[in-house]
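Undergrad: Add chain B to chain A, keeping to what the hints say.
Just so you know, the sequences run in chain order A and B. Count along the first sequence from 1, then add 18; that gives the number in this note's numbering. Count along the second sequence from 1, then add 1238; that gives the number in this note's numbering.
The set of hints was computed from the structure by calculation and includes no laboratory data. Keep in mind the model is a prediction, meaning the values are calculated, not measured. Check each hint, because a few of them may be wrong.
[What the hints assert, rightly or not] On the chain B side, residues computed to face chain A include the following (Cβ under 8 Å):
| hint | residue |
| --- | --- |
| 1 | V1319 |
| 2 | R1323 |
| 3 | M1324 |
| 4 | L1325 |
| 5 | E1353 |
| 6 | Y1541 |
[What the hints assert, rightly or not] So these bits of chain B aren't anywhere near chain A, every CB distance computed over 10 Å:
| hint | residue |
| --- | --- |
| 7 | P1267 |
| 8 | Q1269 |
| 9 | L1297 |
| 10 | R1366 |
| 11 | V1612 |
| 12 | R1705 |
Ideal Cβ placement from N, Cα and C applies to all residues, glycine included.
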Amino acid sequence: MALVTKNLIVNNKQGLHARPAALFVQVANKFDSRITVRREEEEVNGKSIMGILMLGAEKGSEIIVEIEGDDAEAAMQELEKIILNEEY
Amino acid sequence: MLKLKGIAAASGIIIAPAYKLGKEELVVPKQSIRDDEIPLQIQVFEEALIKTRREIIELQKKIASGMAQEEAEIFDAHLLVLEDRMLIEEVISRLKKDHLNVAYIFSEVLKKYVEVFSRIEDEYLKERISDINDVGRRVLRNLLGKERKGLEELKEKVIVVAHDLSPSDTAAMYKQNVCGFVTDIGGKTSHTAIMAKSLEIPAVVGVQEATTKIVPGDLLIVDGSMGAVIVDPDEDTLRLYQEEETKLKGIAEKFLAVKDAPAVTADGKVVRISANIELPDEVTAVKLHGGQGIGLYRTEFFYMNRKDFPTEEEHYQAYKFVAEEMGGSPVIIRTIDLGGDKFLSQFEMPKEMQPFLGWRAIRFCLARPDIFKVQLRAILRAAVHGDLKLMYPMISGVEELQQANKILEEARQELSREGVNFRKDIEVGAMIEVPSAAMTADILATEAGFFSIGTNDLIQYSLAVDRTNEKVAYLYEPTHPAVLRMIRNIIDSAHAAGIWVGMCGEMAGEPSFVPILLGLGLDEFSMSPQVIPEVKYIIRSITFAQAQDIAKQVLKLSTGREVEEFSQKKLREIVG
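Extracted from the complex, chain A is given alone in its bound form:
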């Protein structure tokens, strides 16, 4: 079991909302690993749209993504792509 943690700066034009949030959750749900996302005091399940939305992560805010499981590496790769993509 791998544990991967990364601090990321949200680069999505509209923050981690709307499309990027929906996409994040859809992608997160493809993986078996447990995915946790933290911002400031808040900690939520990365596979929950409600959770991700509740983070209210604007563009430029720092979030910590923690993934634990056999497919953690692959999950991190895909999720990072979404968070760093400015076009969304």
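TA: Just chain B now, kept in the frame of chain A:
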């Protein structure tokens, strides 16, 4: 008689009695449960979720055809909420802890989310609250074994009046006896407005006092184009609107009746009516509206929203799909038009002072043949599956066309060497959207198989106006004599050289300009799918000789406004 003003959300006129859709009151009882009842409660919850999911998918299917991405996404968001792990886990853990019935717990958890979301200052989240409420009510109804009262039982045609309508409510109106709607709140881009437009139901939203001023059964006139609602109209007003309603209905029917007919004038001149697309899936809408081809297939989306470059195979699969879907009809692929306002995310494009005059489109492709060739190879390969053509954007002089063709030739030779199957005689055209190309169309015609006029850029470059700048947007006139003369020059030069000319800018789909363009000799009109039936109707209602006469007359006028007025008048004469 009472006149109410609101926001025009979906055009059309409709006259019918009012039907008030009240706020639904769902009374959720609070009951204690025993430990041994918990598994059953969880089962009830799961069944309600499954049933709701089925309902949403059903709704989505029902309204899927002809609907744009945006509307379908509303229900995708609903499904995400429905499958939300945090929500489900919280309900189940509280069920075990609190020993209360699942319907009550679910409604409490839902309330908590709504509260948290309303506290966050964010437009997008505020909108999501209505989604959460909408899905939540569905689940609750299923938990309580209740049906949404109202819409399904309508026996006669009505106009629905409500404070607000959820996407589910609006979608349920589809093909029911609902022929219009009026809401107290909402704006031009609200869910309700978007849904109304795609359901083609006249609608006025944001009529603040609608539910207080309108009584069920009141006769209403909804003018979705003007954003007006008339309650209990007097006889004169009623007659006026009845005439207008009948006329509009007749016109719409006339257009639809010819959507699959050939685009041929009364005296036998045949043109082609094609559509502009961006995503392969859009071919469905093109065929539905009677499009005879794709006049502009934009390919920039391949490069957007990603860090790496699309592979030749990705290009190939998409082009093959479109070519096959369109049968033998012509499909014109525009090679990548990046830069300007469309940036590559793959690498840093330099910031430019004037991006529209900068490193974009064919200029970028010629500088990066490695990127360009990937697309050209894919087009050549896919062209064996249908009638694919390709065109280069932003050509400003003949050297660019020659250089691009040289790279195309290299791609051909590579494929040949590799023994890969491809089409050798693909038709290659140039987009004419830069004034220098318009003025040297005769020279370009010696190197191109066809032209496609991109009016949006041609107009902005010719008139030196950025139409997104509201201070100067009034100068953006497709009817400006300079623009018309350029178009005439392009078409005449092309025909003299024996090649055909299409137009894929917005101007081609503007009804009042159709007779002028037809008269100037345009061979292909390409537009958004929805306008195809109307444009076909216009072409079939006029003779080529008439159109030539109209073109001749407008070319004598000295201002864009005169041309505009003249063409509007002529259109009314033609369409009636």
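Undergrad: All the hints need checking, so say for each whether the structure fits it.
TA: Here is how each hint holds up against the structure:
1. At about 6 Å, the closest approach between the beta carbon of V1319(B) and any beta carbon in chain A falls short of 8 Å, and the interface hint on this residue holds.
2. At its closest, the beta carbon of R1323(B) sits 5 Å from a beta carbon of chain A; the interface hint therefore holds under the 8 Å criterion.
3. Of the supplied interface hints, the one on M1324(B) holds, with its beta-carbon coming within about 4 Å of a beta-carbon of chain A, less than 8 Å.
4. The restraint placing L1325(B) at the interface with chain A holds, with a minimum CB-CB distance near 6 Å, inside the 8 Å limit.
5. Evaluation of the E1353(B) hint against chain A yields a violated restraint, the C-beta minimum of about 11 Å exceeding 8 Å.
6. For Y1541(B), the interface hint is violated, since its Cβ never comes within 8 Å of a Cβ in chain A; the closest pair sits about 10 Å apart.
7. For P1267(B), the condition that its CB be more than 10 Å from all CB atoms of chain A holds, with the nearest at approximately 25 Å.
8. Against chain A, the non-interface label of Q1269(B) holds: every CB pair exceeds 10 Å, the least being about 26 Å.
9. Annotated as non-interface, L1297(B) keeps its C-beta farther than 10 Å from every C-beta of chain A; the closest such distance is 18 Å.
10. Here R1366(B) does not stay apart from chain A, with its beta-carbon only about 6 Å from theirs, under the 10 Å limit.
11. Every beta carbon of chain A lies more than 10 Å from that of V1612(B), the smallest distance being close to 20 Å; the non-interface claim holds.
12. The beta carbon of R1705(B) sits about 23 Å from the closest Cβ of chain A, which is more than 10 Å, so the claim that it is off the interface holds.
Hints 5, 6, 10 from the list above are not met by this structure, while the remaining hints are.
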